[in-house]
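Work out the full structure: start from the sequences and follow the hints.
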Amino acid sequence: MRYQMEKTLHKVLQRIALLIQADRCSYFVFRSRNGVPELSTVLFDVTHNSPFDKNLVNPNVEIVYPTDMGIVGYTVHSKKPQTVADVKKDSHFSDFVDKQTKYTTKCMLTAPVMNGKEPIGVIAALNKQGASEFSKSDVDVSVFNILHM
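Heads up, the sequence shown is in the working numbering, so the first residue is 1 and it goes up one at a time.
Read the hints as simulated data drawn from the structure, not as lab findings.
Be a bit skeptical, because a hint or two may be false.
Heads up, simulated BS3-like pairs for lysine-lysine below, C-alpha to C-alpha not over 30 Å straight-line [said to hold, decoys possible]:
(1) LYS7 - LYS136
(2) LYS54 - LYS88
(3) LYS89 - LYS7
(4) LYS99 - LYS7
(5) LYS117 - LYS7
(6) LYS7 - LYS79
(7) LYS136 - LYS99
(8) LYS106 - LYS54
(9) LYS136 - LYS117
Listed next, with one range per pair, are the computed distances between beta-carbon atoms [what the hints assert, rightly or not]:
(10) VAL61 - VAL36: 29 to 37 Å
(11) SER78 - ASP53: 31 to 39 Å
(12) GLY130 - ASN34: 37 to 45 Å
(13) LYS88 - ASP53: 29 to 37 Å
(14) GLY116 - ASP95: 28 to 36 Å
(15) VAL36 - ASP90: 18 to 26 Å
(16) SER135 - ASN34: 38 to 46 Å
(17) ARG31 - SER132: 14 to 22 Å
(18) GLU133 - LYS99: 17 to 25 Å
(19) SER78 - PHE144: 14 to 22 Å
(20) LEU18 - THR101: 20 to 28 Å
(21) ASN34 - ALA131: 40 to 48 Å
(22) THR101 - GLY130: 18 to 26 Å
(23) GLN129 - LYS11: 27 to 35 Å
Here the structure is a predicted model, which is why all the values come from computation and not from measurement.
Where is the CB? At the ideal position from N, CA and C, for every residue including glycine.
What follows is the structure in structure tokens.
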């Protein structure tokens with residue numbers, strides 16, 4: 001069952017990356033381990049045509065961090081989409097993942113994945129291609145695709 005959910009999420013992330021022209025998208029699951037809330041990578045560096053097997057994160061090498069860290073963590077707490085034109089100027093930004101992956105995030109769009117009123121994860125779209133930031137319509141497209149997966 002979980003494997004099928006991840007495949008569906010992968011297709012949704014591919015579609016979002018294509019429609020909003022994101023360099024890449026990722027899905028972080030929100031969970032609690034030993035009573036400590038955290039985020040961990042499930043699908044990482046998804047592009048509009050990247051293969052599922054390349055993007056599915058092995059649990060042994062997942063990136064895990066606390067929910068009080070980064071824009072993705074802030075998205076879990078706010079339960080609202082975020083658009084950040086310049087991550088270096090945003091107080092919530094943490095370069096923790098960039099340092100681990102040697103990727104440079106410039107702009108970002110995040111949206112919570114909700115189960116009722118509770119967040120179960122966050123999608124993140126990075127670095128709008130052909131523009132310096134994501135737009136309000138990019139947020140609408142992303143949220144629509146999440147709601148209709």
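Whether the CB-CB distance between SER78 and ASP53 falls inside 31 to 39 Å: Given range 31 to 39 Å: holds, Cβ gap about 33 Å.
Hint consistency between LYS117 and LYS7 [alpha-carbon to alpha-carbon, up to 30 Å]: Judged against 30 Å, a Cα distance of about 24 Å means the pair holds.
CB-CB spacing for SER132 and ARG31 relative to the 14 to 22 Å hint: With Cβ atoms ~33 Å apart, the hint is violated.
GLY130 and THR101 - C-beta distance against the hinted 18 to 26 Å: Hint holds: Cβ distance 23 Å, inside 18 to 26 Å.
Distance restraint between LYS7 and LYS79, which requires alpha-carbon spacing of 30 Å or less: holds, 24 Å
29 to 37 Å as the expected CB spacing between ASP53 and LYS88, which holds or is violated: holds, 33 Å
Proposed proximity, LYS7 with LYS89 (alpha carbon, max 30 Å): violated, 34 Å
Cβ distance range 29 to 37 Å for VAL61 and VAL36, holds or violated: Taking Cβ atoms as reference, VAL61 and VAL36 lie about 20 Å apart, which means the hint is violated.
Cβ distance range 40 to 48 Å for ASN34 and ALA131, holds or violated: holds, 42 Å
Pair hint LYS54 and LYS88, alpha-carbon separation not exceeding 30 Å: holds, 28 Å
Pair hint outcome, LYS136 versus LYS99 [Cα-Cα no greater than 30 Å]: holds, 28 Å
Outcome for the supplied range 20 to 28 Å, where the beta carbon pair is LEU18 and THR101: Given range 20 to 28 Å: holds, Cβ gap about 22 Å.
In this structure, the earlier hints numbered 3, 10, 17, 23 are contradicted, and the remaining ones agree with it.
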